[in-house]
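Residue numbers (the numbering used here), protein chains in the order written: chain W, 3 to 116; chain C, 1194 to 1305.
Note that these hints are calculated values from the structure, not bench results.
Each hint should be verified, as a subset may be incorrect.
In silico DMTMM-like links for lysine to aspartate or glutamate, alpha-carbon gap of 20 Å or less [to be verified]:
id	chain 1	residue 1	chain 2	residue 2
1	C	K1198	W	E46
2	C	K1249	W	E87
3	W	K13	C	D1224
4	W	K59	W	E70
5	C	K1198	C	D1252
6	C	K1261	C	E1235
7	W	K59	C	D1289
8	C	K1249	C	D1224
9	W	K19	W	E87
10	C	K1292	W	E87
11	C	K1247	W	D58
12	C	K1292	W	E74
13	C	K1292	W	D58
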Amino acid sequence: GAGVSQSPSNKVTEKGKDVELRCDPISGHTALYWYRQRLGQGLEFLIYFQGNSAPDKSGLPSDRFSAERTGESVSTLTIQRTQQEDSAVYLCASSPGPLAGELFFGEGSRLTVL
Amino acid sequence: DQQVKQNSPSLSVQEGRISILNCDYTNSMFDYFLWYKKYPAEGPTFLISISSIKDKNEDGRFTVFLNKSAKHLSLHIVPSQPGDSAVYFCAAGRVDTDKLIFGTGTRLQVFP
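Produce the complete structure using the sequences and hints provided.
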């Protein structure tokens, strides 16, 4: 596809379960970001991948959160032992490379933890 | 620590009038700024940007103004149209880190 693709679009899970969210960036984009938006909040930076450099994990809220990216392709955000406060829309974005400025966002994965 | 702030959660403007959305930042190291627009159930889309070497950038009905001394930027939409109704996020970044920090958003409603 032409845009950033995220799956699942909606996920409802029980507290304590693990979830995986997937992001397929625009082909050729070397930079990939994960943000989340909790209800009534802004976009909160989670993690940033750029090529083969070490990712910037400074936004991950706890060690229950982790993300991987294989080369310059798909990324997976994993949340272990989910808590109710993890409920949010998780947004993935990609950009053509460092210093590109503009990010292209997917439609997000809405996570609801019961 | 909210480095990028949008103090107005909502704004209502009549069609044809000017919409002014404001954004303040605290980190003087930010050197580029962007505005994104978000419709419900969609990801944010890029609208307009400005680098710190400029104080104004214009694109059609959209103009972004940057006041570095005040650490303030604003987005002007004129004339406003009902299709402009959305949530607008400002974002700031540093060229050397490539990480964007977003504000909390302002919901704009343009009524006929």
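For each hint, the structure was consulted:
1. K1198/C / E46/W: Roughly 13 Å between the alpha carbons, so the hint for K1198/C and E46/W holds.
2. K1249/C / E87/W: violated, 39 Å
3. K13/W / D1224/C: violated, 37 Å
4. K59/W / E70/W: holds, 11 Å
5. K1198/C / D1252/C: violated, 23 Å
6. K1261/C / E1235/C: Violated, at roughly 31 Å.
7. K59/W / D1289/C: holds, 16 Å
8. K1249/C / D1224/C: holds, 14 Å
9. K19/W / E87/W: Cα-Cα ~13 Å, so holds.
10. K1292/C / E87/W: It is violated: about 24 Å lies between the C-alpha atoms, which goes past 20 Å.
11. K1247/C / D58/W: violated, 29 Å
12. K1292/C / E74/W: Measuring from Cα to Cα gives roughly 17 Å; hence the hint holds.
13. K1292/C / D58/W: Distance ~9 Å between K1292/C and D58/W Cα, so the pair holds.
Going down the numbered hints, you'll see the structure goes against 2, 3, 5, 6, 10, 11, while the others check out.
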